[in-house]
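Number of protein chains: 2
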Amino acid sequence: MKEYKVGLLGCGIVGTGVVRLLQENSSILEKKLGAKLTLKRIAVRDLEKDRGLVLAPGVLTGDFRQILADPDISIIIELMGGYSPAREYLLEAIGNGKHVITANKALLALHGQELYDAAARNRVEIRYEAAVAGGIPVLSAIKGNMAANRFGSVLGILNGTCNYILTRMTEEGAGFAAVLKNAQELGYAEADPTFDIEGTDTAHKLSILISLCFGTWVSFGDIHVEGISSVSDLDIDFAGRLGYRIKLLAIGKRYEDRIEARVHPAMVPACDPLAGISGVYNAVRLTGNYVGTVMFYGRGAGMEPTASAVVGDLMAIARNMLVGAGRRTAPLGFLDKNIGFVPIQPMGETVCKYYLRFSVLDRPGILAKIAGALGENGISIKSAIQTAKSGGGFVPLVIVTHEAKEIDVNKALDRIGAIGITSENPALIRIEDDL
Amino acid sequence: MKEYKVGLLGCGIVGTGVVRLLQENSSILEKKLGAKLTLKRIAVRDLEKDRGLVLAPGVLTGDFRQILADPDISIIIELMGGYSPAREYLLEAIGNGKHVITANKALLALHGQELYDAAARNRVEIRYEAAVAGGIPVLSAIKGNMAANRFGSVLGILNGTCNYILTRMTEEGAGFAAVLKNAQELGYAEADPTFDIEGTDTAHKLSILISLCFGTWVSFGDIHVEGISSVSDLDIDFAGRLGYRIKLLAIGKRYEDRIEARVHPAMVPACDPLAGISGVYNAVRLTGNYVGTVMFYGRGAGMEPTASAVVGDLMAIARNMLVGAGRRTAPLGFLDKNIGFVPIQPMGETVCKYYLRFSVLDRPGILAKIAGALGENGISIKSAIQTAKSGGGFVPLVIVTHEAKEIDVNKALDRIGAIGITSENPALIRIEDDL
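Residue numbers (this note's numbering), protein chains in the order written: chain P, 601 to 1035; chain S, 601 to 1035.
It is worth saying that the hints were derived from the structure and are not from the lab. All values reported here derive from a predicted model rather than from experimental measurement. Wrong hints could be hidden among the right ones.
[Claimed, not checked] Straight-line alpha carbon distances no greater than 30 Å define the calculated DSBU-like cross-link-like pairs of lysine-lysine that follow:
(1) K937(P) x K602(S)
(2) K1011(P) x K853(P)
(3) K937(S) x K602(P)
(4) K640(S) x K605(S)
(5) K631(S) x K853(P)
[To be verified] A few chain P positions that, by computed beta-carbon distances, are all more than 10 Å from chain S:
(6) A686
(7) N696
(8) A718
(9) L786
(10) G975
(11) N977
(12) N1010
We treat Cβ as the ideally placed atom computed from N, Cα and C, and that holds for glycine.
Chain P on its own, in the form it takes in the complex (with noise of 0.2 Å):
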């Protein structure tokens, strides 16, 4: 039988879940590919650590660039996370003409074209399955049987820890700092929370599926990005009495001359499947020219559903190496001089419908201001929710308006604010009910 030597960089939660896969299910791989995978060395930089694997001596090494140089070693897994020294042992691997896998959104997100670019020129692939969504094999579908579709559209819940503190907030009506601080505590969220609840994370890999629905490079820095942080339980309790969930979702479209890329909270109606995929789930919904509106979902995290599609990325290649195959499939899925650039759209020509929560003063005459401001803008009201309270003060004015430009809200909101009659910033959230 067949063997190929494996290298893994890095070992901690993921890489703990890659080794227990390729013992636990050797038998069912070997019964699929007829060949062997071996991970040979896997470099940490803790040694010592216990990480509660049985392991050949000699398999863990302190020496990453041993792996890096190893001729037995043909596929080499990335598990560091970090863009340095990820980026440079990447590379120096691809120089090597060893094919990689990565779990590493960040890293994709910003240098992905330098390291697609490298793969190409040295005939390898480069594969990271695991780098949006878990264990969803979506980005294998997109490349894979989807492939002959003209994408439209991409959705997602991408990221569960904003998702479960969204979905404890709305079963519970609590509050996002305290779901925040016992999230934390159960494990379901970082130390340093930032990256997942400010949505950057979210952007990392809507920018991936981007690349690979739409054949286009994306400006990172150019992607509208809000996270959940501002989502007060006001907001989640007002969006249940109108019919919807909050969700943070990663919303991308192609135009014939501009993509749309944001990342913000939304609110998706209370009857779509994607207001039920709560806690740390994720979903992708997509829209092909003939497949149509296709849905996944599953675990988006975790040691065991990561390593499923780390460990499907690895017999993907091997299954090219068996058949003498180098690289098969451009790691976009178009060829490389295929990928263009498409501008993404500025947020102010965003079109939709919006959420507005102000806080007013109670007394006659305010809804009529706001109408007022919001109408000279051009945008329409389709509801609005007063709540009067004896003895005055400020009193939540909930607004929901039809189909509108952002720009045109924006200006609406200054006027507002410059009348002098609410108490501080309005709430603002997106509806995307026509998704």
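Position chain S against the provided structure of chain P, taking the given hints into account.
Frame of chain P; chain S shown alone:
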């Protein structure tokens, strides 16, 4: 640019979709493949029929064997349906060293082994993504990126006609016969809907999914198959009251020494995402020992989604040919020699919860008699709904059991039938709330 010539057998709805896709999306395909896919010949029975297609002269032919023997054609797509001559044509194409693609689930469910063996001997690929769940790329995912898993279960809503009928019965409270008639008028059900509504089509697809997930041949005749023609609007109504929806489910489960393979109407919790799959949509849910639970949903039939799956297969084969590889992946993912045979567990051994609806005499003591017969057979009752009616006669009595073995339920029902307090055979619907 390399060019691969393709032959198409049959040009009904799906075939027409394939032709259109190849024409409309040709630039996308070329940007991804760097090769040209040319439909050289299409064999049809009726040369005169207007398919609304613009074809070069000479493409359409009535001579199927001309395509099978054409040395210029390297890939054959079979979209004729039926067992014969589709089977003979596919075997001939394979024998001539051509890669083949088919959407013929009935043929694969009954003659798959013969076709896969022939493809193995001739070192060609046989691909059939369109045979199950239309455009949803679930077969590719099982063979592809999820291949590292040991699958424990596969579950699906696989027939659009049945799901459309059940959805309308649920939403409109209408009876089966009326909805079927209307569905036929609207083109959502065939003139002879037997294959669809009696569950046969679903069982064909389940058989394919089981072989792929578990690496085992399926003795098709051993699959328990019940359709939806006996589902009454009364049951739909009670399901709603109990917090369930009725769906025609395909269920496959893997145990050490046997598999479960059954197709029947089932009650699923209203909050389960499967309950929300409505109309002609299909869904497949899988559990793997690493990926966990993954669900896919999308359009399960129709010209465009099915064409997407067929051309996706075509691109996969073209990618192989471009790198000089013939057969890259065995038809079932597992190497042919590693496909075992595991018997299907007899239906009597099934353990689940049961919904039982009796039509009983409206008088005191009836529930006690029925509960007694159930208890004697070791079946405990979770809940009962008894409807009283003024004036005697027969009324519905609904019982929901805790987990029980089907053989015991059948014994109890025989016993109850013999008491002489029921007016007709009871309705039995399995409850699948532990999916």
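If you test the structure against every hint from before, which numbers come out violated?
none
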